[in-house]
Amino acid sequence: MGLLQAYKMAIKSIRSNKVRSFLTMLGVIIGVMSVITAVAFAEGTTKQITDQLSSLGTNLINVYITGRGSNRQVTYEQLKEFGDKNSEVISAIAPEMSINSATTKYGTNVRDTRIIGTTSDYEKTKVRGAQSGRYLMEIDNDNRQRVAVIGTAVVNDIFDGNNPIGESIKIDGNVFKVVGVLAEIADGSDSSDDDQIVIPVSVAQRMSQNSQINNYAILATDSESVDAAMIVLEEFLTKIYGDSNSFRLMNAAQMLDTLGSVTGTLMLLLGGIAGISLVVGGIGIMNIMLVSVTERTREIGIRKAIGAKKRNILTQFLIEALMVTGIGGTIGLMLGCGVIFSIGRMGIVPSVYSFKWMTLSFGISLLVGVIFGIFPANKAANLNPIQALRHE
Amino acid sequence: MIQIENMYKKYIMGDNVVNALNGVDLHIREHEFVAIVGPSGSGKSTLMNMIGCLDVPTAGRFFIDGYDASKLSDDQQAEIRNKKIGFVFQGFNLIQKLTALENVEMPLIYSGMRAAERQKRAVNALESVGLGDRVHHTPTELSGGQQQRVAIARALVTDPPIILGDEPTGNLDSKSGKEIMQIFKNLNAKGNTIILITHDDHIAEQAKRIIRIMDGKIIEDREVS
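These protein sequence lines are chains A and B, in that order.
Residue numbers are given in my numbering: position 67 of the first sequence equals residue 67, and the series is strictly consecutive.
Residue numbers are given in my numbering: position 105 of the second sequence equals residue 105, and the series is strictly consecutive.
No lab work stands behind these hints: they were computed from the structure.
One should not assume that every hint holds.
As the list claims (entries may be wrong) - Here are a few chain A residues that face chain B, going by a calculated C-beta distance under 7 Å: (1) Gln78; (2) Lys80; (3) Asp222; (4) Gly307; (5) Lys310; (6) Leu314; (7) Pro385; (8) Ile386; (9) Ala388.
Each residue gets a CB set at the ideal place from its N, CA and C atoms; glycine is no exception.
Let the sequences and hints guide you as you build the complete structure.
Structural data, given as structure tokens:
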């Protein structure tokens, strides 16, 4: 007897008991669906955060001065001097002074965009230069030159995509000369890193009538130096502020590590819970199959009397269990993909279709079918034909 | 065809040992039509289980169609049942959710025949018992006599040398019973060896040879004139 026959018999048996088959499958359906949805949810969240963190650069240390409980203030010059002294671990220090919404005008075209006051070192810390024209230079800061390097979103909007270099724009009423266009990193979309204008920090300080710089982007010489750089930075700033509450140091690589271990645990937890539901589904299958074997004792007796071997009966019941879990797994996969798609559409978490986890959960559901099907199938195969035929 | 020498079968029931077969010698030749009769508990069912290769004897020798069938594994027994023996039971023993055709096809599935050939043979077998117009009916849509004819078709379909009937008319009205007996007679005329187990002397008289069994022993073996 070939597998095709066993498969046909299984289909017949599943179809002749539709409601029961469906209820049996339900455990597997829910199990597979929850595995892939849970994993997709975890992976989607991880991806979202990882992308954001990686875009910050892994050698980059961000310094946020909160100034809480302290009147003292670190200046750019002090930090610069500190950086020069620790050049073996720190390769660049750039101030980051943001004006979140400034009105930028070119002729009659107007756009609200983000202004960042910084220095030429910002090119190194952000690993992002000018795609045309030039970037900020040290002399721009020294001489408080009103020059601007603008993002492509700004170019596309107020310059209608024309070459802006050499043109004059007005930012909050001050005239700036456009000297360069920032390398595009976000397809020029609105409110992205392409929707910003970089100007000398000395000019930004004057425009906002505020000399205090609260954010710095500090670049470690390489990924190995990040930890050392953070230690010396922490010491230096603690000395200035008297305590470590007045500032915060952040590094993307460290955060990625932490995130990785957190999401790893999360995935294990979710996967574990979903896995348990698959096992419970498997026990359900075993239960129903055992009932089915008892119910079909006479049929098994007949089959054996007319020449079915142990192997034939075993295959028949095992394939039936496999079919139930296989169909259940497929339905679970489809429902799961539907849920992932809907979550993605609602914009809660980006949709991540993990092929690895889909195959894995489907594979596990088949495995559940074999493991929990083998006991009832074996019981059926070992029935004594004489007694089975007498069974009512 | 069937050669049984000094066969014993003991069952242990609690503390008692039951000698269901107590030294049976029996020789059945090809083309015979044999009725095995005896009251219940006489051992005739045990003898039928032995001849049908559903069980193995405790002692004794047993040959079926030249094969030593006294010491077979479960799977070897299944093979002999499939190839050499066609069973017809008192309770028909059809699978309720399968159609007549599918029931008849089943032994051929286990012998590994291909679908097209299988169907052709199953339809032929059903036609030979006069059910050519009922192939797609399920057992519940058929009368008792018709169901037993499906069972006979299933027994015939592998073309086995031996047809073994266990009270095949026991659940039927007298008219259907007559029809079934007629089919057995026709099969015997065509060359099949027929062995019927019955407690009904009227049925037994229609066979050509009657073997009477009591307390696990053959007490009478005569030709019917």
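Verification of the supplied hints:
Evaluation of the glutamine 78 (chain A) hint against chain B yields a violated restraint, the C-beta minimum of about 88 Å exceeding 7 Å. Interface restraint check for lysine 80 (chain A): the shortest CB-CB distance to chain B comes to about 86 Å, outside 7 Å, so the restraint is violated. Against a cut-off of 7 Å between C-beta atoms, the interface hint on aspartate 222 (chain A) is violated, since the closest Cβ of chain B lies about 70 Å away. The interface hint given for glycine 307 (chain A) is met, as the beta carbon of that residue sits about 2 Å from the closest beta carbon of chain B, less than 7 Å.
Interface restraint check: lysine 310 (chain A) against chain B, minimum CB-CB distance 6 Å, threshold 7 Å, status holds. The criterion of a C-beta within 7 Å of any C-beta in chain B is not met by leucine 314 (chain A), whose closest approach is roughly 11 Å, and the hint is violated. Of the supplied interface hints, the one on proline 385 (chain A) holds, with its beta-carbon coming within about 5 Å of a beta-carbon of chain B, less than 7 Å. For isoleucine 386 (chain A), the shortest C-beta to C-beta distance to chain B is roughly 5 Å, which falls under 7 Å, so the interface hint holds.
The beta carbon of alanine 388 (chain A) is not positioned within 7 Å of any beta carbon in chain B (closest approach about 10 Å), and the interface hint is therefore violated.
In terms of the numbered hints stated before, the structure departs from hints 1, 2, 3, 6, 9, listed from lowest to highest.
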